Amino acid sequence: MYEAQRSLASPARNPRMATVIGRLLGAAFLVCFGTGLYSHFLQQPLPGMRFPTRPEFLYQFTEGTHIIAGIACFPLLLAKLYVVFPDLFAYPPVRSFVHLLERASIALFVGASLVQITIGLLNTYQWYPWPFPFRQVHFALAWVLIGSLALHIGIKLPIIARFWRKRTDYGPGTDHLTDAVPAERVAGTEAERLWGSSRSTGLTGRLIAYLDATPPAAEKVSRRGFLATVGVAVAAVVGLTAGQTFAPLDAVNAFGPRKKGVGQQGVPVNRTSKQANVTEAVIAGWVLTVTHGGVERSFTRPELERMPQTEVTLPIACVEGWSQMAAWRGVRLRDLADLVGAGADTSFKLVSLEERGSFRQTQMGPEYVRDPLTLVALELNGETLDLEHGYPARMIAPGRPGVLQTKWLSRIEAITA
Amino acid sequence: MNQVSTASVALTPERAAPGRGMRVARATLVLLGAAGLAWGAWVMVDTVRIARLPGVALWVGAAILVHDAVIAPLVFFGGVLLRRAGRRLAGTVVAVLQGAIVLGSIMTLIVVPEIVAQTQGRAPENPTVLPLDYGTNLAVFWVVIAVLGTAASAALYARASRAGRRRPL
Chain W
465 MYEAQRSLAS PARNPRMATV IGRLLGAAFL VCFGTGLYSH FLQQPLPGMR
515 FPTRPEFLYQ FTEGTHIIAG IACFPLLLAK LYVVFPDLFA YPPVRSFVHL
565 LERASIALFV GASLVQITIG LLNTYQWYPW PFPFRQVHFA LAWVLIGSLA
615 LHIGIKLPII ARFWRKRTDY GPGTDHLTDA VPAERVAGTE AERLWGSSRS
665 TGLTGRLIAY LDATPPAAEK VSRRGFLATV GVAVAAVVGL TAGQTFAPLD
715 AVNAFGPRKK GVGQQGVPVN RTSKQANVTE AVIAGWVLTV THGGVERSFT
765 RPELERMPQT EVTLPIACVE GWSQMAAWRG VRLRDLADLV GAGADTSFKL
815 VSLEERGSFR QTQMGPEYVR DPLTLVALEL NGETLDLEHG YPARMIAPGR
865 PGVLQTKWLS RIEAITA
Chain Z
490 MNQVSTASVA LTPERAAPGR GMRVARATLV LLGAAGLAWG AWVMVDTVRI
540 ARLPGVALWV GAAILVHDAV IAPLVFFGGV LLRRAGRRLA GTVVAVLQGA
590 IVLGSIMTLI VVPEIVAQTQ GRAPENPTVL PLDYGTNLAV FWVVIAVLGT
640 AASAALYARA SRAGRRRPL
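Protein chains in written order, with our numbering: chain W, 465 to 881; chain Z, 490 to 658.
It is worth saying that the hints were derived from the structure and are not from the lab. On a predicted model such as this, the values are computed, not experimentally measured, just so you know. Even glycine gets a Cβ: it sits at the ideal position worked out from N, Cα and C. Among these hints, one or two may not hold up.
Listed next, the stretches of chain W that the computed footprint assigns to chain Z, with coverage defined by at least 3 CB atoms under 8 Å from CB atoms of chain Z [said to hold, decoys possible]: (1) 521-534; (2) 584-592; (3) 607-619; (4) 692-702; (5) 720-730.
In silico contact screen, one side only, chain W against chain Z (beta carbon under 10 Å); selected entries [to be verified]: (6) 546; (7) 549; (8) 678; (9) 736; (10) 750; (11) 752.
Construct the complete structure from the given sequences, taking the supplied hints into account.
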């Protein structure tokens, strides 16, 4: 297998580069894992979990970061695989049972990483060409990846430690990756080694002679060029998509799946009224019902409009990573909670008019219910809420994912322990 | 206090390269990793219907195959071709061209599915999803790369030729 390894030799393929790129990729994985876990628990809190409601843009920030770090993983992961690719042809392929386990764990790590970032990306395009549920598999793979990452670092720790800092001499025995192919083997051409002359015979011979005749890459230029390419690629994929959440980059948002300001009343939507089967007929005779214990009060839209109105500026921040700042006007949820006598530590169940959907019914902890910025919104950007944004009324609360900002709000029920 | 500092010193890789700290750190990471893997496997079988699991395995396997058998060989032969075609050029010029092609390819890899998704997924039902003309934007991106890459190569080539004239072989 030496010939395969030698052909793949490149100055950028060395343990130091594997460590440098690996650190960045590992950091991106950890950022994705942390922000993903936060988003997961916001949507499926464990009993008794409470979340910060300030800063108001907290979820916009964490989820925007999740998607940005995820997209940065594309160049980083490809670069990492490029650097370590010759290891695929390690010889002998399996040295021991432990070595077999190690190689199997790396195969799983690589495959799961590629699938994870791919389905994550396609989810932001709302395209699901795979035979399994996205949310559950994305969550399970996250644990598989973070476990594989710890395992991988554990296995490679001596190499990582040796190549952590830049040095001129990394010491003897750097027998990792292709650069360590003994000098005497590299000295002659591969064809000479195999046939005693550089005369090419047959297809393989010609191919190897062709590869032999390829001029080697200049070391320093090649390494710097590689790092510069990775850096520019990360900057490009992030810079040209992040405008969907990070306003200063809106002008160069060429490839973001969403565009700020595109949508009814200048706000994108995740799910249209048609997709949710909410029609004019469904909202006819609408009232908002608020319950607590035996107390039940219903409000028509004009009744809600006559109550004290509050204006807030809060972002809609989607799990898919886009966000849009908007001005909302409506009734404070805590005023409605007070009207039915709910206490300060009461959680509520929010129910939408939509018939189906994972988020038809959601729960809201008291930290959001009592927050002065949490509204039952009736207006958006100075106009009556559009049907696409949840007319007759929707929830808007600080620091929550868009899927929990219930549209076409129908019932608000206190959860009594 | 004393214990903490001892531990942190022991975990510093350089000091502990062959020592006990390294062994402890490695064992801890391997155990934590195995636990994470086991938990992930449990979450998978617990939340995804059994009938769907072969699909997950298929995608993981196919992802490895697509990278190792398609992307990596393409990159390898692309690199060889470029180095041969550019054997009379300075290394820096080859590096710039290589970088430009890689950059464009990665962006294409991300944006082509986006163009496909405009007609495939839920986007056709929701005009606020994928609202941009990604095909045109990708073409513009390639043009910009080509222009910048050519300009940088020309500048590097000119510099290399001047240096070559000053120091004749």
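Cross-check of the supplied hints:
Beta-carbon proximity to chain Z at under 8 Å applies to 0 residues in the region 521-534 of chain W; the threshold of 3 is not reached and the given coverage is violated. Closer than 8 Å: that is the beta-carbon criterion, and the region 584-592 of chain W has 6 residues meeting it against chain Z, so the requirement of 3 holds. Against chain Z, the region 607-619 of chain W contributes 13 residues with a C-beta closer than 8 Å to a partner C-beta. That satisfies the three-residue criterion, and the hint holds. Counting residues of the region 692-702 of chain W whose CB falls under 8 Å from any CB of chain Z gives 6; the rule of at least 3 is met.
Given as covered by chain Z, the region 720-730 of chain W passes the check, having 6 residues with a CB less than 8 Å from a CB of that chain where 3 are the minimum. Hint on residue 546 of chain W holds. Least Cβ distance to chain Z is approximately 7 Å, under the 10 Å limit. With 10 Å as the threshold, the beta carbon of residue 549 of chain W comes within range of chain Z, its nearest partner Cβ sitting at about 5 Å, so the hint holds. This hint holds: residue 678 of chain W has a C-beta 5 Å from the nearest C-beta of chain Z, less than the 10 Å allowed.
This hint holds: residue 736 of chain W has a C-beta 5 Å from the nearest C-beta of chain Z, less than the 10 Å allowed. Nearest Cβ of chain Z to the Cβ of residue 750 of chain W: about 23 Å, over the 10 Å cut. The hint is violated. Contact between residue 752 of chain W and chain Z, as hinted, is not supported at the beta carbon level, the nearest pair being about 26 Å apart and thus beyond 10 Å.
When held up to the earlier numbered hints, the structure conflicts with 1, 10 and 11 and fits the remainder.
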